[in-house]
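Mind docking chain B on chain A? Use the hints.
As a plain string of letters, each chain reads:
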Amino acid sequence: MSKLTLKTEGDTHVVVTRHFAAPPEAVYRAHIEPEIVQKWMLGPDGWTMPVCINEAKPGGKIRYEWAHPQRGSFFLTGEFVTLEPHSRIVHVERMHLPDPTPDNHVETRFAPDGDGTLMTMRMTLPNEQTRAMMLSTGMESGMEASYVRLEQLIASGLARGAA
Amino acid sequence: MLEAFCDPSSDLPFFDPVVLGDSRKIPLDRIKYLYKYMPMREQIHLDQAFAALADPTRRAILARLALGEATVMELAEPFDMSQPAVSQHLKVLEDAGLVASRVQGAKRPRRLAKAGIDAMDQWLAMLRKALETNYGRLDQVLAGMDQKKKGESQ
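Chains as they are written, first to last, in our numbering: chain A, 332 to 494; chain B, 702 to 855.
Extracted from the complex, chain A is given alone in its bound form (with noise of 0.2 Å):
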C-alpha cells in the first residue's frame, strides 16, 4: 500500500504528505544534509545529483542539480526561509528549465507519528495558473525524467499482472 498522499488544496495549494518508519530527526537531516539528500532526491535510476547545495540557515541557498548520461542535465535553485529542528522547513524553490519556473513556495513539517514521523509537504504556487501549470505540464517538462520510471513502474506492473 502506498504511503503517500498528493492532494490540491485551495485555489493554490498542493500538499503531500508520506509516513516514515524512522524519527522525525532523522527525517529532517535527510531534508537538510547535502550528503543524505543526494543519496534519494534523484527521481528515476540513472540520475544523478552531481550537485547539492544546501545553506540551512534563514536566507540560505538551495541549488541541487540533477545529470543523467543520455538525458542531460536541470537545476533546481532556492532559498530557506526558516528552519526548526527536526520539526518544520520553510523554503522557496524554482526549476530551471532552463528558464526559471515561477517560485514555489514550500513548508515542510515532521512530526511524531507513532514510532515514525508524518511528513507535511504543503506547496504554495504564486497562482491558480502557476499552479495549474506546474501539476499538468510544469512537472511534466521539470520530471521528464519521472517519465522513464513511470514506464518501468507500468510496464513491471502489467508484467505482474499478466503473471
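You may find that some hints are simply not true.
Said to hold, decoys possible - Mimicking DSSO-like on lysine-lysine, the simulated pairs with C-alpha atoms at most 27 Å apart in a straight line are: (1) B:Lys792 / A:Lys334; (2) A:Lys370 / A:Lys392; (3) B:Lys830 / B:Lys808; (4) A:Lys338 / B:Lys830; (5) B:Lys830 / B:Lys815; (6) A:Lys370 / A:Lys334; (7) A:Lys370 / B:Lys830; (8) A:Lys388 / A:Lys370; (9) A:Lys338 / B:Lys792; (10) B:Lys815 / A:Lys338; (11) B:Lys815 / B:Lys792.
Said to hold, decoys possible - Which residues of chain B face chain A? A few of them, derived with a C-beta cut under 8 Å, are: (12) Ala752; (13) Leu754; (14) Asp756; (15) Asp822; (16) Leu828; (17) Glu833; (18) Asn835; (19) Arg838.
Said to hold, decoys possible - Listed next, with one range per pair, are the computed distances between beta-carbon atoms: (20) A:Asp446 / B:Pro779: 42 to 48 Å; (21) A:Glu396 / B:Gln789: 42 to 48 Å; (22) A:Arg419 / B:Lys808: 33 to 39 Å; (23) B:Pro779 / A:Asp376: 34 to 40 Å; (24) B:Gln841 / A:Pro400: 19 to 25 Å.
It should be emphasised that the hints constitute simulated quantities derived from the structure, not laboratory data. A virtual CB, placed ideally from N, CA and C, is assigned to each residue, including glycine.
Only chain B this time, still in chain A's reference frame:
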C-alpha cells in the same frame, strides 16, 4: 451538507477516494494508454482542468454534481449567484471536460464527466508514483541511518 460546500474557505477533498474512487484501483493499462498516447490537445485539456478547479465556486459545483445530476437552477440555488454567473462557471468546467450535459425537454441537466475527472485523477496518480520513487529511496537511507546509529551506540 450543501452549505458546507458553499463555504469558500472550506477545502473540498476533491481527490478524496470517496469522491473519485481509489486511484490505486485504476487499471495499469489505462494509465499506460493515457501516458503513451495522450495527444497534445488532451494535455491542454488537463491544464484547463486543473485551472478550472482553482475556484471555490467551481469546486462546490463539482462537489454538488458528485451527488448527482442537477440543472443550472438547482446549482444556482445554494449560491448567492445569478443563473448566468453559474452558467459561466459551468462553461469553464465543460470546456475543461469535467462536466457534461444532456437535453431533457427544456432542461439541460449537468453531470460530472467521468472521463475528464478520471484523467485528472490518473495524472495525479502518476505524480504520486514519481514522488514515491524518491521517498522509497529515502526509506532505505533512513533505515541505513538507524543501523549506523545502533552500531555506534554498541
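Structure-based check of each hint:
1. Between Lys792 of chain B and Lys334 of chain A the alpha-carbon distance is near 37 Å, which puts this suggested pair outside the 27 Å criterion.
2. Between Lys370 of chain A and Lys392 of chain A the alpha-carbon distance is near 19 Å, which keeps this suggested pair within the 27 Å criterion.
3. For the suggested pair Lys830 of chain B and Lys808 of chain B, the alpha carbons sit about 42 Å apart, so the restraint of at most 27 Å is broken.
4. Distance check on the hinted pair: Lys338 of chain A and Lys830 of chain B sit about 13 Å apart at the alpha-carbon level, within 27 Å; holds.
5. Between Lys830 of chain B and Lys815 of chain B, the direct Cα distance comes to roughly 22 Å. Compliance with the 27 Å bound is thereby established for this hinted pair.
6. Only pairs whose Cα atoms come within 27 Å are accepted, and Lys370 of chain A paired with Lys334 of chain A is accepted, the gap being roughly 20 Å.
7. Between Lys370 of chain A and Lys830 of chain B the CA atoms are separated by roughly 18 Å; this keeps the pair inside 27 Å, and the hint holds.
8. A distance of roughly 21 Å separates the Cα atoms of Lys388 of chain A and Lys370 of chain A; the hinted pair therefore holds under the 27 Å criterion.
9. A hinted pair counts as satisfied when its Cα atoms are at most 27 Å apart, and Lys338 of chain A with Lys792 of chain B qualifies at roughly 24 Å.
10. Distance restraint check for Lys815 of chain B and Lys338 of chain A: the Cα-Cα separation of roughly 19 Å lies within the 27 Å cut-off, and the hinted pair is therefore satisfied.
11. For a cut-off of 27 Å, the pair hint linking Lys815 of chain B to Lys792 of chain B stands: about 16 Å separates their Cα positions.
12. Because the beta carbon of Ala752 of chain B sits about 4 Å from the nearest beta carbon in chain A, less than 8 Å, this interface hint is met.
13. With its C-beta approaching chain A no nearer than about 6 Å, Leu754 of chain B sits inside the 8 Å limit, and its interface hint holds.
14. The beta carbon of Asp756 of chain B comes within 7 Å of a beta carbon in chain A, closer than 8 Å, and the hint placing it at the interface holds.
15. Restraint check, Asp822 of chain B versus chain A: the minimum CB separation of about 11 Å is more than 8 Å; hint violated.
16. Taken as an interface hint, Leu828 of chain B checks out: its beta carbon lies about 6 Å from the nearest beta carbon of chain A, inside 8 Å.
17. Because the smallest distance between the Cβ of Glu833 of chain B and any Cβ of chain A comes to about 5 Å, under 8 Å, the interface hint for this residue holds.
18. Contact between Asn835 of chain B and chain A, as hinted, is supported at the beta carbon level, the nearest pair being about 6 Å apart and thus within 8 Å.
19. Of the supplied interface hints, the one on Arg838 of chain B holds, with its beta-carbon coming within about 4 Å of a beta-carbon of chain A, less than 8 Å.
20. At roughly 45 Å, the beta-carbon separation of Asp446 of chain A and Pro779 of chain B lies within the given 42 to 48 Å, and the hint holds.
21. The hint said 42 to 48 Å for the Cβ distance between Glu396 of chain A and Gln789 of chain B, and at roughly 45 Å that hint holds.
22. Between Arg419 of chain A and Lys808 of chain B the beta carbons are some 52 Å apart, a value that contradicts the proposed interval 33 to 39 Å.
23. For the hinted restraint 34 to 40 Å between Pro779 of chain B and Asp376 of chain A, the CB-CB distance of approximately 50 Å leaves it violated.
24. Between Gln841 of chain B and Pro400 of chain A the Cβ separation comes to about 23 Å, which falls inside the hinted range of 19 to 25 Å.
The structure fails hints 1, 3, 15, 22, 23 (numbered hints given earlier, in ascending order).
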